[in-house]
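K.L.:
Sequence:
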Amino acid sequence: MAKKSSSQAKASPKPKTDTAKVKIKASRIPEDFPIAGIGASAGGLDALVSLFKAMPAKTGIAFVVVVHLDPTHSSLMPELLQKTTEMPVHQIEDGMTVEPDRVYVVPPNRELSILHGTLQLLELPDPRGAILPIDAFFRSLALDQGNNAIGIVLSGTGTDGTLGIKAIKGELGMVMVQDEESAKYPGMPNSAKTTGLVDFVLSPAQMPAQLIRYTQHANQNTKPPVEPCSREMSQELQKIFIILRAKTNHDFSLYKKNTISRRVERRMNLHQIDDISVYVKYLKDSDREADILFKELLIGVTSFFRDPPAFDVLEKKLIPELLATKPDGQTFRVWAPGCSTGEEPYSIAIMLHECMERLDRHFHVQIFATDLDESSIVAARTGRFPASIAGDVGPDRIDRYFIRGDDKNFQIKKSIREMLVFATQNVIKDPPFTKLDLLCCRNLLIYLNAELQQKLLPVFHYSLNKDGILFLGSSETVGAATGEFATLDKKWKIYRRKSSAAMTPPIMSQPSDQSHFEARDPVTSGTVERAEALSALQIAESILQQSGLPPCAIVNDSFNTVYIHGKTGRYLEPSEGRASLNIVEMARPGLKTDLAVALRQVVTSQQAVTRRNIRIDGDQGDVVVNLSVKPILDHTSVPGLIMVVFEDAAKAGKPQKSRAPESRENKKPKRVADLEQALLHSNESLQTIVEELETSNEELRSTNEELQSTNEELQSTNEELETSKEELQSLNEESVVINAELQARIDELTHSNDDLKNLLDSAEIATVFLDTELKIRRYTAPTLDIIPLEATDVGRPLKHLATELVDVDLAEQSELVLDDLAVREFLAHTKDHRHFLIRLRPYRTTTNVIAGVVITLEDVTKRQRTAEALQQSEKRLRTLFELSNDSILLIDAQTERIQECNHAAFERLGYSRDEFLSLTVPTLETPESPDTISTHIAKIVESGEDEFESKLKSKDGTTHEVLIKAKVISIGERNFVMATISDLSTG
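Take the sequence shown: its letter number 72 is residue 72 in the numbering used here, and every next letter is one higher.
A portion of the hints provided could be inaccurate.
[As the list claims (entries may be wrong)] Computed cross-link-like contacts, DSS-like style, restricted to lysine-lysine with a CA-CA straight-line distance of at most 25 Å:
| no. | residue 1 | residue 2 |
| --- | --- | --- |
| 1 | Lys295 | Lys455 |
| 2 | Lys281 | Lys247 |
| 3 | Lys455 | Lys326 |
| 4 | Lys295 | Lys239 |
| 5 | Lys953 | Lys965 |
[Said to hold, decoys possible] Pair by pair, the computed Cβ-Cβ distance ranges are:
| no. | residue 1 | residue 2 | range |
| --- | --- | --- | --- |
| 6 | Ala450 | Thr194 | 35 to 43 Å |
| 7 | Arg897 | Ser762 | 45 to 53 Å |
| 8 | Asp755 | Leu837 | 51 to 59 Å |
Derived by calculation from the structure, the hints in this document are not laboratory data. The beta carbon of each residue, even a glycine, is placed where N, CA and C say it ideally should be.
Construct the complete structure from the given sequences, taking the supplied hints into account.
P.N.:
Here it is as structure tokens:
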């Protein structure tokens, strides 16, 4: 955004939140101006109207409106918005250049993008498919306009716009969304808010004031408020690093200063702070601002399969080559540092799954995805993504690897999720993952300075196996480490670790407190625990089958009892309250301490521990017991199992009486038989338990298969329902927008209808509207005086109705009008002698379609009677004019031509009327006459009248002395002379 020079006082460090309308300072439109992309769907029309009603006409901002529209109908959106703003509103045409203080509206069934400030329209191959127009335009806007881009998300359902605002924030643009209270459908704004990247949450009426403050403050500076190269600013940035380290436990001092300064500048613009020292104070006092700045410093633009050609190179060539060197069943290890919200590591998991399927190979894939931002890791672990990812993933992969939820979001399938382990990790401070086949670190190094990059590259080299692949961003390189990495693809920055010895990584700082890795995938933890329990039972049976033992118990690494052998009631009893299998809690008084200590010693040393002569308070008196605790090391499938053996000390230590050899020989077979019998009973019991477990396990397996089958059927049905629901929701959104447009058009038509009714009523002219079948459509009140109509007559043929007109058939005349489409006009009168001027003309629609006939009956009774009176008066005057003995002439004062005369005039001079009217006055005058009419005309015109004597000659040359009395008469803009001539020669 262009910055204008300005000397202004330091702004308050507290952000301004007043959203009242502000005045715009008159200034020249900058060459570099902000462009606001506005996305809306259902309920968006009301929001747009509110926004533009509050938006001044001169802001220096261009507005591009992208709404979900019905692809099969033309949109009324430009016309509707034009009524709310003084700015010109255009429906976008391909190649249209964006200008400030204008509104551009996307047409239906088109995807919009922008390149160098020019709008480009692309046809949508499937309007109901995965392409989401708001995300598509926001991304294009971010790439084209950088920090001039502004994203606004208004009312709508779904998640369109969520991925787009990430792109805008990644380019240091500004984002605002509609608040939940004012949004009819808050789905889209709420989805955008979940990203944590929204700058302002406002109602549409409040947005213009905040937009203006933001853009004006940015334009008032000719240079950025943060200059990392200057000493003063460098010191202030160091203070910011110290504050962030204290508040977030992360050090950004080795990040690129330009990157940091741009992010800081953006935060200062949002808060309208001009002095970085003021911002440092504000940052120190506000934990919330520190958290926001921390998150903004970590913003990375990410998406599924970003740069698809790069993934194609990996999947189709490099990964198969790498897998060819590994036998089936081995582990394929991947590390993705700086993974953000997980799109890239999930993309790698999908790519590897497809690659293994295509090659018909199987490997145990482990992908370690790490990031500094714990909230991003939490989001990535859920595996839930907005519906707008469909445009990046593609419909085939969406169907195979994602499940659509009730809220339209996509959930990654378990088979892919199990490949990944997410953790918070500071790649600069924490130990790296090792023995990697693939290390994907895209667009992280570009934020770090050269020193830190050179420290990380040896770490990456050390982490990779020989021939392991390093996958960097398209703007990143291995720099000085080119000798340790072979270039596999120069364009997409893919490298292979050379077979040389691993580079010695630099000594890293102590691990950060945030480095907590998943001990177990939460998705599979229940299954793992059940499997461990079954394995533990099998191990216990195996041990007890090997040798006869006194009462004993087998516990796991949490000291929970897994299996009990023999009568342990003298040593163990259930504790009161909530049931617990913890053997320490079950131990009788006197045994707890020794048992707990022995268990801990075994866990620590993995050596057997014996405690002798422990006195226990029993139900029937004290019991002395020897306690043996030993780890079970022979069975590694379930690690951490411990055997606890209880042996009565009195029996163990009782001396044997001296017996004769024969007696001992006689007793030995019986003792062996007893032991064999006890062992047989034990084996039988164990066999019964095993059989029961096998039966239960088989039943569980069968039930599980049935449930899986049912689940697949339900899942298939659910997917079909979700597809139908999505289609219906899309139709509903389009219907809501169209309904709003139609309602606005109905309101407009209602106003027009009211205007037309008032116009017809005020004209007081009888008017009848007929359809093409000459049936009454509507009529005005004065019509009732001519045609006795009632409200129920609407729809009746005109010919069925009687009229007051005499000898006039309106129906017949109307048929003639429809036949030749000619206008008819004539006079008629009624039985009570009222006169009407009747006009019949075709009824033409705005598209020039004939839709009937319009009849007007104008009451001209007064006019007709006046005309008749004038006619009678003219007749009387004409009689007097013709019977006069004096000659009367009407002469044109300019041409002196005779315009009119009476009978006496032309007869006395011997002419016919036609001959006389073709003459001019000079042809009647004699040369010897001192006074002529010609010489007096100018005087008559000037004075208004005159009287004089003159001489006129007749056709035969006879001279007549006459007395002329003349007056001027003005008709229009011309002057005429009315002359009365008396013949003196006959007097």
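K.L.:
So, for every hint listed, does it hold in this structure?
P.N.:
Here is what the structure says about each hint:
1. Simply put, Lys295 and Lys455 have alpha-carbon atoms about 24 Å apart, close enough for the 25 Å limit, and the pair holds.
2. With a C-alpha separation of about 14 Å, the suggested pairing of Lys281 with Lys247 holds against the 25 Å cut-off.
3. Pair hint Lys455 plus Lys326 does not hold up; C-alpha atoms about 30 Å apart against a cutoff of 25 Å.
4. Our distance criterion of 25 Å between C-alpha atoms is met by Lys295 and Lys239, whose separation comes to about 18 Å.
5. At most 25 Å may separate the alpha-carbon atoms for a hinted pair to count; Lys953 and Lys965 meet this at roughly 18 Å.
6. In this structure, Ala450 and Thr194 meet the distance hint of 35 to 43 Å, their C-beta atoms being roughly 36 Å apart.
7. Our hint of 45 to 53 Å for Arg897 and Ser762 holds, since their Cβ atoms are close to 48 Å apart.
8. The hinted window of 51 to 59 Å between Asp755 and Leu837 is violated, with their beta carbons roughly 25 Å apart.
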